[in-house]
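Engineer: All chains should be built: construct the whole structure from the sequences, respecting the hints.
From first to last, the protein sequence lines are chains A and B. Oh and the first sequence: position 95 is 437 in my numbering, straight run, nothing missing. Oh and the second sequence: position 215 is 218 in my numbering, straight run, nothing missing.
Treat the hints with caution; some may be incorrect.
[Stated by the list, open to error] The calculated SDA-like cross-link candidates involving lysine to any residue, where the alpha carbons are at most 20 angstroms apart (straight line), are: (1) Lys318(B) x Asp433(A); (2) Lys432(A) x Lys318(B); (3) Lys318(B) x Met434(A).
To be clear, the hints were calculated from the coordinates, so they are not data collected in a lab.
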Amino acid sequence: MFKRKDLLGIQELQKEEICFILDTAESFKEVLTRPIKKVPTLRGKTVINFFHEPSTRTRISFEIAGKRLSADTINISPSTSSLTKGESLKDMAQTLQALNPDIIVIRHSMPGAPHLLAQEAKFSVINAGDGAHEHPTQGLLDLLTIREHKGKIEGLQVAIVGDILHSRVARSDIFGLIKLGAKVRLVGPPTLIPPFIEKLGVTVEHRLEQGIEGCDVIMLLRIQLERQNKLFFPSIREYSRLYGLTLDKLARARLRHDVLIMHPGPINRGVEIDPQVADAPFSLILDQVTNGLAVRMALLYLILGGDES
Amino acid sequence: MKIVIQGGRIIDPANGVDSVYDLLIEDGKIKSMEQSLPAIDDARVIDVRGKVVTPGLVDMHVHLREPGREDKETIATGCAAAAAGGVTSLACMPNTTPVNDNKSVTEFILLKAREKNLVNVYPVGAISKGLKGEELSEMAELCEAGVHAYSDDGRPVMNSLLMRRALEYGRLFNLPLISHCEDTNLAAGGVVNEGVVSMVTGLKGIPGAAEEVMVSRDILLARMTGSGVHIAHVSTAGSVALVRQAKREGIPVTAEATPHHFSLTEELALSFDTNTKVNPPLRSQSDLEALIEGLSDGTIDVIASDHAPHTLAEKEQEFDLAPFGMVGLETLLAVSLTNLYHTRKLDLMTLVARLTCHPARILKIPGGTLSPGGPADICIIDLQKKFTVDAGQFYSKGKNTPFHGQELTGAPVMTLRQGRVVFPSEHRSSKEQQGEPIEPQEQHRSSTGEPTAGGNYSNHSEYEQKR
Numbered sequence: 343m344f345k346r347k348d349l350l351g352i353q354e355l356q357k358e359e360i361c362f363i364l365d366t367a368e369s370f371k372e373v374l375t376r377p378i379k380k381v382p383t384l385r386g387k388t389v390i391n392f393f394h395e396p397s398t399r400t401r402i403s404f405e406i407a408g409k410r411l412s413a414d415t416i417n418i419s420p421s422t423s424s425l426t427k428g429e430s431l432k433d434m435a436q437t438l439q440a441l442n443p444d445i446i447v448i449r450h451s452m453p454g455a456p457h458l459l460a461q462e463a464k465f466s467v468i469n470a471g472d473g474a475h476e477h478p479t480q481g482l483l484d485l486l487t488i489r490e491h492k493g494k495i496e497g498l499q500v501a502i503v504g505d506i507l508h509s510r511v512a513r514s515d516i517f518g519l520i521k522l523g524a525k526v527r528l529v530g531p532p533t534l535i536p537p538f539i540e541k542l543g544v545t546v547e548h549r550l551e552q553g554i555e556g557c558d559v560i561m562l563l564r565i566q567l568e569r570q571n572k573l574f575f576p577s578i579r580e581y582s583r584l585y586g587l588t589l590d591k592l593a594r595a596r597l598r599h600d601v602l603i604m605h606p607g608p609i610n611r612g613v614e615i616d617p618q619v620a621d622a623p624f625s626l627i628l629d630q631v632t633n634g635l636a637v638r639m640a641l642l643y644l645i646l647g648g649d650e651s
Numbered sequence: 004m005k006i007v008i009q010g011g012r013i014i015d016p017a018n019g020v021d022s023v024y025d026l027l028i029e030d031g032k033i034k035s036m037e038q039s040l041p042a043i044d045d046a047r048v049i050d051v052r053g054k055v056v057t058p059g060l061v062d063m064h065v066h067l068r069e070p071g072r073e074d075k076e077t078i079a080t081g082c083a084a085a086a087a088g089g090v091t092s093l094a095c096m097p098n099t100t101p102v103n104d105n106k107s108v109t110e111f112i113l114l115k116a117r118e119k120n121l122v123n124v125y126p127v128g129a130i131s132k133g134l135k136g137e138e139l140s141e142m143a144e145l146c147e148a149g150v151h152a153y154s155d156d157g158r159p160v161m162n163s164l165l166m167r168r169a170l171e172y173g174r175l176f177n178l179p180l181i182s183h184c185e186d187t188n189l190a191a192g193g194v195v196n197e198g199v200v201s202m203v204t205g206l207k208g209i210p211g212a213a214e215e216v217m218v219s220r221d222i223l224l225a226r227m228t229g230s231g232v233h234i235a236h237v238s239t240a241g242s243v244a245l246v247r248q249a250k251r252e253g254i255p256v257t258a259e260a261t262p263h264h265f266s267l268t269e270e271l272a273l274s275f276d277t278n279t280k281v282n283p284p285l286r287s288q289s290d291l292e293a294l295i296e297g298l299s300d301g302t303i304d305v306i307a308s309d310h311a312p313h314t315l316a317e318k319e320q321e322f323d324l325a326p327f328g329m330v331g332l333e334t335l336l337a338v339s340l341t342n343l344y345h346t347r348k349l350d351l352m353t354l355v356a357r358l359t360c361h362p363a364r365i366l367k368i369p370g371g372t373l374s375p376g377g378p379a380d381i382c383i384i385d386l387q388k389k390f391t392v393d394a395g396q397f398y399s400k401g402k403n404t405p406f407h408g409q410e411l412t413g414a415p416v417m418t419l420r421q422g423r424v425v426f427p428s429e430h431r432s433s434k435e436q437q438g439e440p441i442e443p444q445e446q447h448r449s450s451t452g453e454p455t456a457g458g459n460y461s462n463h464s465e466y467e468q469k470r
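Structural biologist: Okay, structure coming up:
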């Protein structure tokens, strides 16, 4: 069901592949609840986490996922990477190839970097986020979390709120949600919604209250503080006033009590999300983190030929 | 030394000729054009029946990289690539290291071109010192040294006052000002067209308006100053419309389009192939169609390659890090014939005019026609020749082309410059020769009166004529 060498994006996945990954991830969740959480599945396999951009949750999640499956995991971070010495990604790929790893998980600030790494490489590549392009494992864990709590994805109304323009999470979420039959609306100031995005089959709404009305799921995106003064919006204060999600705004949008709140983290409390919303019982932010581990275990397992065992 | 180019279909747009003629060349110049020349005792005869004979192509937008980046291209390799592409005259942009903003660099380029002695090289001088867009370069000195145009190509002149002054002061020299139209604030950080592809890939987009804003500005400045401006590499439908309107109003503006912009679209960047990264970026299908419409109706005067060689290592990087540009000298004609002539979008006369007499007229250089008395710069074309582009076979050091592996129809098979065969070269092994030899038994004999390389730059401007 999953025969790919690499996972570079959700855009190229078939619906059936996505569902298969989610099913596999669900079965791995059980492992995570055992007293001894380690299984020998990937013993003798090597997973290199190559994070060329700062990351905590994704890197740790991949590292734990690998360790739970008994793979040898190695982390390369920007400060310890030879890329800081001017080595090109291509040369880096050849060097890593010579060490014969099984999987390289790459996070990079530039779109297409994982594709460049995967070209001609014998090892598998998992994209852990490339610039504003894709973050497929985040997209998959979001789908898993929604499916778990709603029982399905098809027909759901999902609002994605915030900086769509710079967000790889938004792109992966959109591709996945549309493939699985959800209705997606994007909410944010016009400066942070990329032109032509309607072509992906989403709708765009610029006012928060209208945008989230009647929604089943609200996915908030982190607003990067450095975006202010770059002409995208006047100030964090104004952004928060217009797009920060508060209990008040939820009430005004007459949202059903079973609306789900999601956020890929790290959150800016009081900016895009009010603390009361972040900590509310209908907030799934921590469930997302747990599901991320299950999704990454499933992917490592599937890519390294999990069908055999 | 006499040569007869016998039995070819001669296309000479400047003189409205499209007929089968014999062409007599004497001492590097076109002597006459007749339906059937009588046999001449001491003449070398080149039989080109079934082929098309045009003036040597004039490529007014080329980056030769020397001085400074000889790893990407040298004047010698660039000239060889030009000859292989049917190009006998080229204008090379000033963004070298050091910048061609002073006569030493201009003279160096001309010297190197003269040493290679393959095609006419017409350097373009910088508009501003160091291409910084702050103060005018010493345009008179550059003119005296032999530049044939001014441009800050690659770096737009953002300061409108500087552009105005360049247009005004440039009137002293009667040479074209070539404008790379790009608003650097609107385009900042962009690497592909702003559109569906930038939205899907997360690559930063360069909106069409970044070009159109500056095309508008330059048209307005041309109207105000009365000085001509040439818009380089027009890439959007909006720019075509602006230029069309300006021409209708009699504003002195000319424009060029590149083969890649009228043949390829932005979707190629979906694969993150850095050989598709170019500035201005590949645009949409509707932009492509507007460019062809503009080429057809005369809004766009010129087809130029914007030949921009880079090293393999530079292109084998993350898309954001790879430099802009693609090579084009050796595919200029073939891509144009394939996508304009064989698709019946342009007739041969119009197409050849865009590649010969129009750019020659804009640059005010000899050539571009087959008029008697002019230089015997000639391109012989096999319209039906099918071949697959193999960048590995390029004479250019740059192998960065998105056309690699594409099948094209129509190619130059022989290039003569001032009566001397400069392509195919006798120094290259037959395996490497792209063009089938027209007359394999014919070997080039050294001609009398070896033509001067580097262009006949004396006498080319009002400024010099007055002196």
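Engineer: Taking the hints in turn, state whether each one holds.
Structural biologist: Results of checking the hints against the structure:
1. Lys318(B) x Asp433(A): Judged against 20 angstroms, a Cα distance of about 13 angstroms means the pair holds.
2. Lys432(A) x Lys318(B): Measuring from Cα to Cα gives roughly 11 angstroms; hence the hint holds.
3. Lys318(B) x Met434(A): holds (15 angstroms)
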